[in-house]
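Go ahead and model the full structure; you've got the sequences and the hints to work with.
Residue numbers (our numbering), protein chains in the order written: chain A, 1 to 226; chain B, 1 to 226; chain C, 1 to 219; chain D, 1 to 219.
In case anyone wonders, no lab produced these hints; they're calculated from the structure. By construction, the Cβ of each residue, glycine as well, lies at the ideal position given by its N, Cα and C atoms. Hints may contain errors.
Here are the computed lysine to any residue pairs in the SDA-like style, where the Cα-Cα straight-line distance is at most 25 Å [claimed, not checked]:
#, chain 1, residue 1, chain 2, residue 2
1, D, Lys72, A, Gly15
2, A, Lys82, D, Leu159
3, A, Lys149, D, Arg141
4, A, Lys82, D, Ser81
Quick list of the computed label-pair ranges, beta carbon to beta carbon [as the list claims (entries may be wrong)]:
#, chain 1, residue 1, chain 2, residue 2, range
5, B, Pro29, D, Lys185, 18 to 28 Å
6, B, Gly130, C, Gly140, 36 to 46 Å
7, C, Glu131, D, Glu134, 20 to 30 Å
8, A, Pro215, C, Glu193, 58 to 68 Å
Footprint (simulated), chain D over chain C, 3 or more residues, beta carbon under 8 Å [to be verified]:
#, region
9, 75-87
10, 117-128
11, 139-145
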Amino acid sequence: MSIATSIQTSDKPLGRDDLAELVARDIAPGSFVNLGIGQPTLVSNYLKPEQNITLHTENGMLGMGPAAEGDEIDGDLINAGKIPVTELPGASYFHHADSFAIMRGGHLDICVLGAFQVSATGDLANWHTGAPDAIPAVGGAMDLATGAKDVFVMMTLLTREGASKIVEACTYPLTGVGCVTRVYTDKAVFLTGPDGVTVRETFGCTLEELQELVPVPLRSAAAVAG
Amino acid sequence: MSIATSIQTSDKPLGRDDLAELVARDIAPGSFVNLGIGQPTLVSNYLKPEQNITLHTENGMLGMGPAAEGDEIDGDLINAGKIPVTELPGASYFHHADSFAIMRGGHLDICVLGAFQVSATGDLANWHTGAPDAIPAVGGAMDLATGAKDVFVMMTLLTREGASKIVEACTYPLTGVGCVTRVYTDKAVFLTGPDGVTVRETFGCTLEELQELVPVPLRSAAAVAG
Amino acid sequence: MLTFVDSVNEAVSGIKDGSTVMIGGFGNAGQPFELIDALMDCGAKDLTVVNNNAGQGDQGLALLIKEGRVKKMICSFPRQSDSWHFDAKYHAGEIELELVPQGNLAERIRAAGAGIGGFFTPTGYGTMLAEGKETRIINGRGQVFETPIHADVALIKALKADGVGNLVYRKTARNFGPIMAAAAKHTVVQVSEIVPTGGLDPENIVTPGIYVNSIVKVA
Amino acid sequence: MLTFVDSVNEAVSGIKDGSTVMIGGFGNAGQPFELIDALMDCGAKDLTVVNNNAGQGDQGLALLIKEGRVKKMICSFPRQSDSWHFDAKYHAGEIELELVPQGNLAERIRAAGAGIGGFFTPTGYGTMLAEGKETRIINGRGQVFETPIHADVALIKALKADGVGNLVYRKTARNFGPIMAAAAKHTVVQVSEIVPTGGLDPENIVTPGIYVNSIVKVA
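Below is the structure:
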C-alpha cells in the first residue's frame, strides 16, 4: 500500500508530558486501566474526573488514586512501582492471584507500558536487554502484555543512538507476542497488528520523513480510512 | 496373612447413632471435617465442644454450627444438603472456588461419606447406581473423595439383599480411586489401603464370621500390630 | 460499562438465543429468582445454562427447562426429588447434560475468569466422568485435564452494590456469584440494596465492580 | 493445629535446612520483617525462598542471601537498585534463580493451595521464560504449562487474627499473604493485633484459620 496523506497534528515532536496527555485523552470513558512503571505513570496526571477511569495496580487494588503526599503516605498503600498512593471512593483490595486474574482474565481495557522495541506485528520487548551479565527481572510485564484487551506502548521512537525502536522483528528478548495495539512516541502514533503498522498521526514530521526513520512499511491511517 | 485375634468391642451390631458416635470419637481434636449428606451428618450430633472440631460445608463456610431451628432459620445460611444451619463464633464465608480449594487442596483432615461400595484398596463408589435410566448426579462427592487427607465411609456392611458392600472391585461407577482410608459399618470398622483390608474392631461378630460375609481377605489389626 | 437498570426485564433484555447463561445460587441461597423469571419472560431460547442444579419444583430454571428453552445443562447435581421437568426432558432426549463434579465446576468457572487455558485436577480421575478426557500422572497422582467454562451472561444475586458496582454477599448465598461474575462477558446482578460509592469498605469487597455490567434492585 | 507463640524466634524454630520458604510482601508492604529476622537467627540454610523480589538493601531477605543461606530464589523481580547482595551472589554463581512472571508466580502459588496439578496460561508464551516448557495452542492462543509452587513454610504478615486463626489484612499489604498461607504446609503469621474469636466478621475473613498454624503478635 502506498503512502498517501500524512496527518500531522503537531508541528514539533511531543514531550513526555504532552504524550501522556494524548494517551489520557485517548482512553475511553469508564475504562479500567493499568499504567506501567515509569513514563506510563505520567498518564494519570492527565486523566479527567469526567472520564471516570478506574486504575488497577497489580499489587492488589482497583480504584487507585494519585501519589500520596505528606500525611497521606501509608506504607501499606503502594502501587506496583512501590510508590505510596491513595485510595479513591469505590476502591477495593484483593490478593495477588485475584489481582492478576483481573489482568490475565482479559478484564482490563487498557494497559500502558514502556518498551525497548515493538515489532511491526505488535511483539513487545520491554523487560530484558539480553546482555549476558544482566540479571533478568520481569515483574508483571508479561501478564500485562498478554492480559489487557489493548496494550498501549509509550516510548521515544529512537534510541539514543538514533535506531528505531519500531522494528521488523525484536532483537531484545520478547515480553509478549503480537500483543501491542498502539505505540505512542514523540514523533508519531502507530497502530500495530497482524497487518503491520499504520500511522495515525505525526508530530513535527511528515509520513515520508517518518518512513526514513522506521525500517518497516508504514501506512497512513487516512489512506486506510480512505 | 492369617486371621489371628478378633477385637470385638460390642456384642451386637451398631445402630446408626452408635456408629455416628464412634466416628465422632475417632476424630482427632482440632480437626477440620466435612460431613457428607445423609448418615454422615449424624456425626455432628456427637462431636464434643472440647474436641474443637471445625466443620466445613462445601457451599462456602467454615465453622458451621448445628441445624437451625425456629427463628434461627435463614435461607442464606444452609449446608450442602440445603438444610438451614447456624454459624459458630470464628466462622468464615467464601465463594465456591475458594471453598472447593479448601477441599481439593488437601486442607481438610477428614471427610465422612456414605457409600454403595468400597473396594479392598479403598476405591469408592457412592454417586451413581449405573442403572441405564438413572440420571447421574455427582455434586461434590468426587472432590471430597479426592481432596480430604482421610476419607471415612459410613454404611451398613450388607445391602438389603445381603451382599457385602466391601468388595474386591467396585461394580458401581467409581467416585474416586484408592481414596478411602476407613470404613465404619454396623458390623465392623475396616481400614483400607494399598495393602488391602484390616479389621480394627467388630460388633456382634467374630472376625471369622465377618470373613464369611466379606469377599476379600481380612486381617486383624491386632495381628498386624502384633 | 456499568448501568443501573430499573427492572429485571430490562436487565436481561440483551440475552440472545443460543447464549451460554450462568445462573448463581446453591439451592435457594443466592438464586436470582427474579432474574430467572425475567429470562423466562424475555423469550431467549437454545440456551446453555450453567448452574449447580437443573431446576427444582415448578419455578425458575425448572420452568425454563419445561418450556424447552434450555438446550444444554452444565451442572453437578441435576437429579433431585423435585427435578421432574429436567428428568422428563432428559429421558425424552430433549436436553443435553454435561455433568461436572462440583469442585471442577467451580474451578472451571474460576479458570475462565482468570484467563487459564485449562488445568489438571485429581478430581474425577479413574471415573466415568473422566472418560474421553486427557489424563496424566503428576507427582504420582492421576489427574484429568479440565477446561474453562466461559459464559455470555451471568445472572447472580448479591446483598449490596455501591455506585461503581462493587458487591458484597450474604452468608452461604455468596457461593457461585463471585466466580460467575468474573467468567461471563456480561454480568447482571440483582441486589437488595444499592449504597453510595464509598459506602462499602474497600477491604471487604467480594466482587470488584470491574466484573459487573448491570445492576437491578429487587425488593 | 493452631498455636499462638510468644516470640518470632519460637515461631520459626521448626524451619529446617533445605526447606522451601515462602515470604509474603510486595516491596515493604506486607513484608514480615520480624519473622525474616528470626529466620536469619534460627540458622536454617540451603533454603529455597519464594518472594516477589530477592531482597533489598542490607536487611531481611537481602541479609539471608548475603550470608549464603539461600540456595535458590523463586521470584519475579530480583534486580533492583539496592539488590546488591543478590546481584553479587548471582554473578558469583552462588545462588540459583527461577525467574517467574509475577502473575504466574501468584497463580502457581494459588494452584498449590487449591490442589491443581498444573495449568496452561498465555503469559510468557513465545518468550525465553517459556523455553523448555510444554506449550499448546488453546482456542487459537499459545499457552505455557505451569506447575504449582508448594512450600514447607510460609512467613506472612496480617493485620489481625482471631482465636481460631482467621486473618484480615490491610490495604495493599494483603498481596501474597492469602495464597502463600494456602500453599505452605506450615504457615506462620505475624499480626499487629489478636482479637477474641467472634471479633472478626465472618463475611470479611480473608484467610480462614484452616490455613494458619502459628501466630505471633509483633508490636
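The hints, checked one at a time:
Our distance criterion of 25 Å between C-alpha atoms is broken by Lys72/D and Gly15/A, whose separation comes to about 43 Å. For the hint linking Lys82/A to Leu159/D, the alpha-carbon distance of about 20 Å falls within 25 Å, and the restraint holds. A threshold of 25 Å between alpha carbons decides the hint, and for Lys149/A with Arg141/D the separation of about 14 Å falls inside it, so the pair holds. In summary, the hint linking Lys82/A to Ser81/D is supported, as the alpha carbons are separated by about 13 Å, within the 25 Å threshold.
For the pair Pro29/B and Lys185/D, the beta carbons lie near 20 Å from each other, so the given range of 18 to 28 Å is met. Gly130/B and Gly140/C have their C-beta atoms about 29 Å apart, which leaves the hinted 36 to 46 Å range violated. For Glu131/C and Glu134/D, the Cβ-Cβ distance of about 24 Å falls inside the hinted range of 20 to 30 Å, so the restraint holds. Between Pro215/A and Glu193/C the beta carbons are some 59 Å apart, a value that agrees with the proposed interval 58 to 68 Å.
Counting residues of the region 75-87 of chain C whose C-beta sits closer than 8 Å to any C-beta of chain D gives 0, which falls short of three, so the coverage hint is violated. Counting residues of the region 117-128 of chain C whose C-beta sits closer than 8 Å to any C-beta of chain D gives 6, which meets the bar of three, so the coverage hint holds. Interface restraint, the region 139-145 of chain C with chain D: holds (3 residues with C-beta to C-beta distance below 8 Å; minimum three).
Going through the hint list in order, the structure does not satisfy hints 1, 6, 9.
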